[in-house]
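Since chain E is already given, all that's left is putting chain H with the ligand on it; use the hints.
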Amino acid sequence: MKKDEKKLKKANSSFRGKEYRSYGNGYFGTFGGIYVPEILVSALKELEKNYFKYKKDKKFKEELSFYLKNYVGRPTPLYYAERLSNRLGGARIYLKREDLCHLGAHKINNTVGQVLLARKMGKKFIIAETGAGQHGVATAAAAALFNMSCKVFMGSKDIKRQSSNVIKMKLMGAEVIEVSSGSKTLKDAVNEALRYWVSRVDDTYYVLGSVVGPHPYPTMVRDFQVIIGKETKKQIMDIEGRLPDYIIACVGGGSNSIGIFYPFLDDADSVKLIGVEAGGKGIKSKKHGASLGYGDKGIFHGAFSYVLQDDYGQIEEAYSISAGLDYPGVGPEHAYMKEKGIVKYEYILDSEALEAFNTLSICEGIIPAYESSHALAYTAKLAPSLDSDKVIIVNLSGRGDKDIDNK
Amino acid sequence: MYDGKDSPIERVFKKLRKNNQKAFIPFITCGFPSLDGFFSLFETLDKNGADIIEVGIPFSDPLADGPVIQTTSKIALENGINTDIVFNSIIKIRKSSDTPIAIMTYFNTIYHYGTGRFLKKAKEAGVNGLIIPDLPLEEFTSYRSYFNQVNIDNIMFASLTSSKERLSAIAGQCRGFIYCVSVKGVTGIRNSISPEVIDFLKNLKEITTLPLALGFGLSNREQINQIKGYCDGVIIGSKILSLLLEARSFNSGLKEVKNFALDINKVLKDRI
Ligand SMILES: Cc1ncc(COP(=O)(O)O)c(C=O)c1O
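Protein sequences appear in the order of chains E and H.
Numbering follows the numbering used here, in which position 189 of the first sequence is assigned residue number 189; successive positions increment by one, without gaps.
When you read off a place in the second sequence, starting at 1, and then add 1000, the result is the number in the numbering used here.
Excised from the complex, chain E in its bound form (with noise of 0.2 Å):
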């Protein structure tokens, strides 16, 4: 280990629970950081000086608290999926239904969020990256919500394979701009956007769509998303009377499964925090998105953390059959919680993921997005070992319509 890191590691060992979260200057132990170009640092400065004004501001939170219960329609219903838990034959499985947001996924949370904060800031333009499409339609939509114009750069393939949500942005207003440089999906469309807004500091702000990035993003999602664990910590004790021995969620860059676990990690002694990430065609293969069980630290679009890279360091594509989890990297604070041991990490291959996708379908009515079908999969793997007197709360981070299409 390199002697910095272990000095700085050291000074962090402690970190845990209430103490580690108000470590609020970007690093997450030695994750984290700001590694970009000169040019962005002020961009970032400014934007990490609004974010924690605004963060504080009754204003602020009145309007966000409004448009979250009034645009997005939270809260969302924890609900308790009991055909499934029959059907697994075990513990009792909720579902945290983040599906029912509007435009069906958890991006909502944090888009609706940084574009109030950007309008506060006065910036007149928008841009963001979408690999799915998923946070690309979000940011869409929040634009047109807030009357601010936003491009959206989205890797040529993945506007191939998802043209449903091209045709969405376009709707609300939003442009697409096509990137065909690199491998022409998502890690491609955030270097782009970057590039883009290394031109346009002044006047555009750019909204990122997970907890990745360099600070303050992974610090400020992560806090637009917390309320999905605020509100399924409210409404498991008005339920059960009692906390969860499982959280459930996927990682892709890490935004929904922070968002749910954050609340809980005080109580990480009891409450078991599993983060799956996707196995593709299976780790020997080398097609797959598991960065935190599969990759190694490093530095990639700013931050410090894992990532799928080769010998040399060169970044290496990322494969799912869900596009939501097909990207290199991940949040820094999730390397440190693997790290920490606080949240264990876990994958699941492609076929198991389109196994649990039929298995709620059929179930319960509802079709889950490839992404949170990872947590499902795994969720079908544990549930049956367990007593039914367990509780396991899955977070069911989108719906499935967007990949139909591709089934």
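Certain hints may be false.
[As the list claims (entries may be wrong)] Derived pair list, reagent style EDC-like, types lysine to aspartate or glutamate, alpha-carbon separation capped at 16 Å: (1) E:K157 x E:E317; (2) H:K1184 x E:D202; (3) E:K45 x H:E1138.
[Claimed, not checked] Computed Cβ-Cβ distance ranges for the label pairs, DEER-style: (4) H:K1120 x E:D310: 14 to 24 Å; (5) E:K53 x H:T1141: 23 to 33 Å; (6) E:G282 x H:Q1173: 40 to 50 Å; (7) H:R1221 x E:A144: 44 to 54 Å.
Derived by calculation from the structure, the hints in this document are not laboratory data.
Remember, predicted model here, so these are calculated numbers, not experimental data.
C-beta atoms are modelled at their ideal positions from N, C-alpha and C, and glycine is treated no differently.
The following block gives chain H with the ligand in isolation, referenced to the frame of chain E:
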């Protein structure tokens, strides 16, 4: 160990300053258009006026770079170039040239190799400076000791958006020269210079005595005539690489690079 003496890069600027001349610093990607082609390109620039040569280790996700360097990086990677091959290439070059070399690469390439190991190997190969576009001041601080141990110049960036306090702090950590970015944007060819660049360079001159080299977007003698009175050198990459990318054949491209280098260098070496 860092010994406080002028580095080879700093000596180049000192010598030029005495004559009121400016440094010509071309950028090329190792392994582009091929490994042999890279050696020929290096030699052509070395023999036709380059004072310092910036050599890029290609990276898969070069986010500070525009289309030209993205393309040359991709080609170099497809040619199988990796960090060890770059070091070996520099060892080979060092048999016949002592022109200072600065390596440009993204930080993951260095971190993954092992920062200490990378710097040691670079030093042994004969590298004089390192330019890392995604390692700003905040992050560099944790790695500074590695640089001092091997006495390689850490060349840092100053941008049009950096505050005055920041520029002072950068100047305090930087060695060799300050890489002044002339545009709000990524690398690539532009045809003019924004007037704010001159104020930016003037401000920097008040803050530091380090040499200032201007880069990103420089491509013609008019631009260079406009700014040469305010800086100590210019870095030109995309323009040179595009001459090769667009050429009918490698040899005709190389000839164009030679003519371009001679022409630019004349502007830089004509006393003001
Ligand atoms: C429904 C859904 N779930 C999960 C993800 C993965 O992202 P994250 O890990 O940031 O929640 C996505 C990303 O597009 C998504 O659309």
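Violated constraints from the hint list, given by number and in increasing order: Violated: none.
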